[in-house]
Structure formats: structure tokens, C-alpha cells
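Asker: If you read the protein sequences in the order shown, they are chains D and Z. Sequential numbering from 1 applies to the first sequence in this note's numbering. Sequential numbering from 1001 applies to the second sequence in this note's numbering.
Don't take every hint at face value.
[As the list claims (entries may be wrong)] With a Cα cut of at most 30 Å, we get these calculated DSS-like pairs of lysine-lysine:
#, chain 1, residue 1, chain 2, residue 2
1, D, 62, Z, 1129
2, D, 33, Z, 1063
3, D, 101, Z, 1101
4, D, 131, D, 62
5, D, 52, D, 131
6, D, 62, Z, 1062
7, D, 101, D, 62
8, Z, 1033, D, 129
9, D, 101, D, 131
10, Z, 1052, D, 129
[Unchecked claim] Here are some chain Z residues the structure puts well away from chain D; computed CB gaps all over 12 Å:
#, residue
11, 1004
12, 1018
13, 1029
14, 1104
15, 1142
[Said to hold, decoys possible] Short derived list, chain Z residues pointing at chain D, Cβ under 7 Å:
#, residue
16, 1047
17, 1049
18, 1056
19, 1114
20, 1115
21, 1120
22, 1124
23, 1125
24, 1128
25, 1130
Hints in this document: simulated from the structure, not taken from any laboratory. These numbers were taken from a predicted model, which means no experiment stands behind them. Ideal Cβ positions, reconstructed from N, Cα and C, are used throughout, including at glycine.
Okay, here's what each chain looks like letter by letter:
Number of protein chains: 2
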Amino acid sequence: MNIDFINPFLQSMSNVIATMASIESVQGEVSLKLDDVAHGDVTGLIGMVGEKTKGSLAISFKKEVILDITSRMLGETITEINDDVLDCVGEITNMVTGGAKNLLAEKGFDFDLATPVVINGESHDVVHKFKGNKITIPFSTEYGDFFVEICFEDIK
Amino acid sequence: MNIDFINPFLQSMSNVIATMASIESVQGEVSLKLDDVAHGDVTGLIGMVGEKTKGSLAISFKKEVILDITSRMLGETITEINDDVLDCVGEITNMVTGGAKNLLAEKGFDFDLATPVVINGESHDVVHKFKGNKITIPFSTEYGDFFVEICFEDIK
Chain D
1 MNIDFINPFL QSMSNVIATM ASIESVQGEV SLKLDDVAHG DVTGLIGMVG EKTKGSLAIS
61 FKKEVILDIT SRMLGETITE INDDVLDCVG EITNMVTGGA KNLLAEKGFD FDLATPVVIN
121 GESHDVVHKF KGNKITIPFS TEYGDFFVEI CFEDIK
Chain Z
1001 MNIDFINPFL QSMSNVIATM ASIESVQGEV SLKLDDVAHG DVTGLIGMVG EKTKGSLAIS
1061 FKKEVILDIT SRMLGETITE INDDVLDCVG EITNMVTGGA KNLLAEKGFD FDLATPVVIN
1121 GESHDVVHKF KGNKITIPFS TEYGDFFVEI CFEDIK
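Kindly produce the complete structure, drawing on both the sequences and the hints.
Answerer: Dropping the structure here:
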């Protein structure tokens, strides 16, 4: 997978967090690993289907960081994972993938999005089952880290 | 959502478990609920994208039932959630959705599949974020229950 293909997701991720929650996130190293597993407390997942490929995107948050992001998005202090938090994770997942989709469409690479699913459960693992390379990117914020994982099957 | 649209998934689910693991599963009542949440220990998820709709499917297993299914699929006794179990859940998710896709294509309803994602974590919740009706169907087996959730946004 080409880095030109990944950058729109990273750009969209930073934009969404900055715009929606006024949080500065620092992107870590992009790594290509087959065996890595995101260990989140809350994870947003979405399927992507294009003519030339298909895949999935996950954004996995530790509890403290998603409580901070949701509190800032809603303008009130949220101290527990509740429906508002799950809604925010679904919305962030949609917005990040939708933003990347638009940027990639400008480059002639088109795909459609499924509907997001949010997983809530202390320290769950997210395992993408597909034939291809998985790209993992950590983001750090003042309140903790979150992880973006992008998987596309090898482009036909 | 029309029951004709759901039956192919149920038929495919029973077929896959019967064929791959020689387990008889008894389908429970199909219910349409907006607020229900599947509480699984291992869940297979897949996104679905068609011209007229999009959605997601989840199959959520309690530990004991997926250990039994995997043991039967592999012909050896598996006592802990390991990579083999996660592989089986990914494979079951793909096969169930692929089977339903073929049955629905015969009826002129076409959709494409994203790649499956498997979640592993004790008692996680699966929350589908979408505009439409969610269909939940419990299946019971000798070793416990599992849940199929089918979500499609309202057909355009």
C-alpha cells in the first residue's frame, strides 16, 4: 500500500479531532505490521468497499482519551463510557473515513463506506482478517493515545 | 426491512455451523430492536455496501460456544481463545455473509462485502450506529448461545 493512500486518513483524523474537540494530536510513526493488535476500551470500526479493493478501518481509544475527546466535543464533563461516548466514536469514525474518502476520490480512488460499529469493552483486541498489509498509526494527545488501523486488501 | 431479506442470513448461518462444525443450532425469535446490544466474548463483524443500501453484520459468541465450534471445526480440543479461534470467527463471518449475498443476488439484491474484523474481549458490547432497523436473532446450541445482528440503512 502506497503512503499517498494512507495520508488522507491521517490528515482527516487530525482534522476531525482538532475541529470537533479542539485537541491537538501528534501522529506517531506509520508502521506496517501483520501481527499487531490494537487494545482499546472503545473502538469505532467501518467497512470500506471499492471497485478495486475492500478493507476496514478501526480507531481504538483508551478510556481516558475518549472521555476527554467526548467531554470537549459535547462541552460537558463526561466521566464514564455512556451512550454519548459511543455516539461520538461512531461519528468520529464516520467523519474520518468520509474525509479520507473525499480526499482519495480527488485522486481517482473511489470507495464506499458501510455503517460504523462501535465496540465497548475494557481492553478488547481488534483483529483484522484480510489478505494484505495492515497500517497502524498511533496518535498521542495530552490525555493519552489512540490508534488508527487501516486495512485494504491488495489492489486488483 | 423485509423478512425475505433476513432469511438468507439465517439460512446461511445455520448451514455454515452445521456444515463446518456439525453443530445443530436452533434459531430463536427474530426481533427488531433499536436499543439491544449483543454482549459477546468474541465477535465477527463485516461491513456490507450495495447500490441501494449499506450496513453491517455481527455474529457475537460467548466463550464456551465458540470454543466448542472451533474445536469441532479443527478436530481438536481448544480450551482458550487463541489465533485459531479468531481465524474461525473471521471465516464464519465471511462464509455466512457470502452465503447470504449469493442467495440475495438471486433475488436481484446485490451488495459487496468489506473484510471481516474480529473483536476479542470478555463481555464487550457491539453497538451498530446507523439509521434504520436492527434485526437481532439468537441461536442456541448445546454449548450455549450466539447472536446474529443484521443492520441495513433504509433502502433508498
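Asker: Hint by hint, note whether the structure agrees.
Answerer: Verification of the hints:
no.: 1; hint: D:62 - Z:1129; in the structure: holds (20 Å)
no.: 2; hint: D:33 - Z:1063; in the structure: holds (27 Å)
no.: 3; hint: D:101 - Z:1101; in the structure: holds (25 Å)
no.: 4; hint: D:131 - D:62; in the structure: holds (27 Å)
no.: 5; hint: D:52 - D:131; in the structure: holds (14 Å)
no.: 6; hint: D:62 - Z:1062; in the structure: holds (24 Å)
no.: 7; hint: D:101 - D:62; in the structure: holds (26 Å)
no.: 8; hint: Z:1033 - D:129; in the structure: holds (29 Å)
no.: 9; hint: D:101 - D:131; in the structure: holds (21 Å)
no.: 10; hint: Z:1052 - D:129; in the structure: holds (26 Å)
no.: 11; hint: 1004; in the structure: holds (21 Å)
no.: 12; hint: 1018; in the structure: holds (22 Å)
no.: 13; hint: 1029; in the structure: holds (23 Å)
no.: 14; hint: 1104; in the structure: holds (15 Å)
no.: 15; hint: 1142; in the structure: holds (26 Å)
no.: 16; hint: 1047; in the structure: holds (2 Å)
no.: 17; hint: 1049; in the structure: holds (4 Å)
no.: 18; hint: 1056; in the structure: holds (5 Å)
no.: 19; hint: 1114; in the structure: holds (3 Å)
no.: 20; hint: 1115; in the structure: holds (4 Å)
no.: 21; hint: 1120; in the structure: holds (4 Å)
no.: 22; hint: 1124; in the structure: holds (3 Å)
no.: 23; hint: 1125; in the structure: holds (4 Å)
no.: 24; hint: 1128; in the structure: holds (5 Å)
no.: 25; hint: 1130; in the structure: holds (4 Å)
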